[in-house]
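Here is how the chains run, residue by residue.
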Amino acid sequence: QQPVQSPQAVILREGEDAVINCSSSKALYSVHWYRQKHGEAPVFLMILLKGGEQKGHDKISASFNEKKQQSSLYLTASQLSYSGTYFCGTENIPTSYGKLTFGQGTILTVHP
Amino acid sequence: DVKVTQSSRYLVKRTGEKVFLECVQDMDHENMFWYRQDPGLGLRLIYFSYDVKMKEKGDIPEGYSVSREKKERFSLILESASTNQTSMYLCASSPRTSGGPNTGELFFGEGSRLTVL
Chain F
56 QQPVQSPQAV ILREGEDAVI NCSSSKALYS VHWYRQKHGE APVFLMILLK GGEQKGHDKI
116 SASFNEKKQQ SSLYLTASQL SYSGTYFCGT ENIPTSYGKL TFGQGTILTV HP
Chain S
783 DVKVTQSSRY LVKRTGEKVF LECVQDMDHE NMFWYRQDPG LGLRLIYFSY DVKMKEKGDI
843 PEGYSVSREK KERFSLILES ASTNQTSMYL CASSPRTSGG PNTGELFFGE GSRLTVL
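Protein chains in written order, with this note's numbering: chain F, 56 to 167; chain S, 783 to 899.
These are calculated hints, taken from the structure and not from any lab test.
These numbers come from a predicted model, not from an experiment.
Possibly wrong hints are sitting among the right ones.
Footprint (simulated), chain F over chain S, 3 or more residues, beta carbon under 8 Å [stated by the list, open to error]:
# : segment
1 : 819 to 829
2 : 832 to 844
Partial pick of chain F residues on the chain S-facing surface, computed with a CB cut under 7 Å [claimed, not checked]:
# : residue
3 : K154
4 : F157
5 : G158
6 : G160
EDC-like cross-link-like pairs, simulated, lysine to aspartate or glutamate; straight-line CA separation at most 16 Å [as the list claims (entries may be wrong)]:
#  : chain 1 : residue 1 : chain 2 : residue 2
7  : S       : K853      : S       : D833
8  : S       : K785      : S       : D808
9  : F       : K154      : S       : E887
10 : F       : K154      : S       : E812
11 : F       : K154      : S       : E838
All C-beta atoms, glycine included, are put in the ideal place defined by N, C-alpha and C.
Kindly generate the complete structure, drawing on both the sequences and the hints.
Here it is as structure tokens:
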């Protein structure tokens, strides 16, 4: 079952902050975040693992609440380059091949 | 620079035609994936492969098959294309993590937009 992302879309002005949420109905082992700019391939931002380990982007932060089966992506002081569609991908159990189930995406638009 | 290359960016096919979508990666990755992307539905996994000649169904395999004869190449096949298979198809690869669960990122291709008339 796909995780649910909220909001579906958000519009910001440069410098404003945004939070994108990802919720699952099942227990999560890991949450991955990707950004896709229009016409381009999705690009990895970060991974959060059960137990607190994080790997990823310096300027974007995220949290992972294992009990609530939720993750949030924090975009602070947004820049025009942050515009795109953000996807969370989840794994319920650890595997060696990383089979992800993605949410429906959140469209972020940053205006000057 | 790491690369996942999808052979066709845009294809137009007729209902009932057999369609091949090709994907090649140059990173020596063990894992390869085919996703379908539709507005409002996000990315949905069709099939994946964790080794040559090995394949596993994803969440929406109906109407699709795959082939992985070489490590670097993963093909998606639509045996008889239908209009509801009009979509953007994304290929991705990732390295196998040895000695523990996968914490590797997916590397995506730019996608193949298929229109079935």
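Right, here's what the structure says about each hint:
1. 819 to 829: Coverage by chain F holds here, the residue count being 6 at a Cβ distance below 8 Å.
2. 832 to 844: The restraint on the segment 832 to 844 of chain S holds, since 4 of its residues have a Cβ under 8 Å from chain F and three suffice.
3. K154: This interface hint holds because 6 Å falls under the 7 Å limit.
4. F157: Status holds, d = 4 Å.
5. G158: With Cβ-Cβ at 5 Å, under 7 Å, it holds.
6. G160: The hint holds - G160/F has a Cβ within 7 Å of chain S, the shortest such distance being about 5 Å.
7. K853/S with D833/S: At roughly 7 Å apart (the allowed maximum being 16 Å), D833/S and K853/S satisfy the hint.
8. K785/S with D808/S: Judged against 16 Å, a Cα distance of about 6 Å means the pair holds.
9. K154/F with E887/S: Distance ~11 Å between K154/F and E887/S Cα, so the pair holds.
10. K154/F with E812/S: holds (13 Å)
11. K154/F with E838/S: holds (10 Å)
Taken one by one, the earlier hints all hold for this structure without exception.
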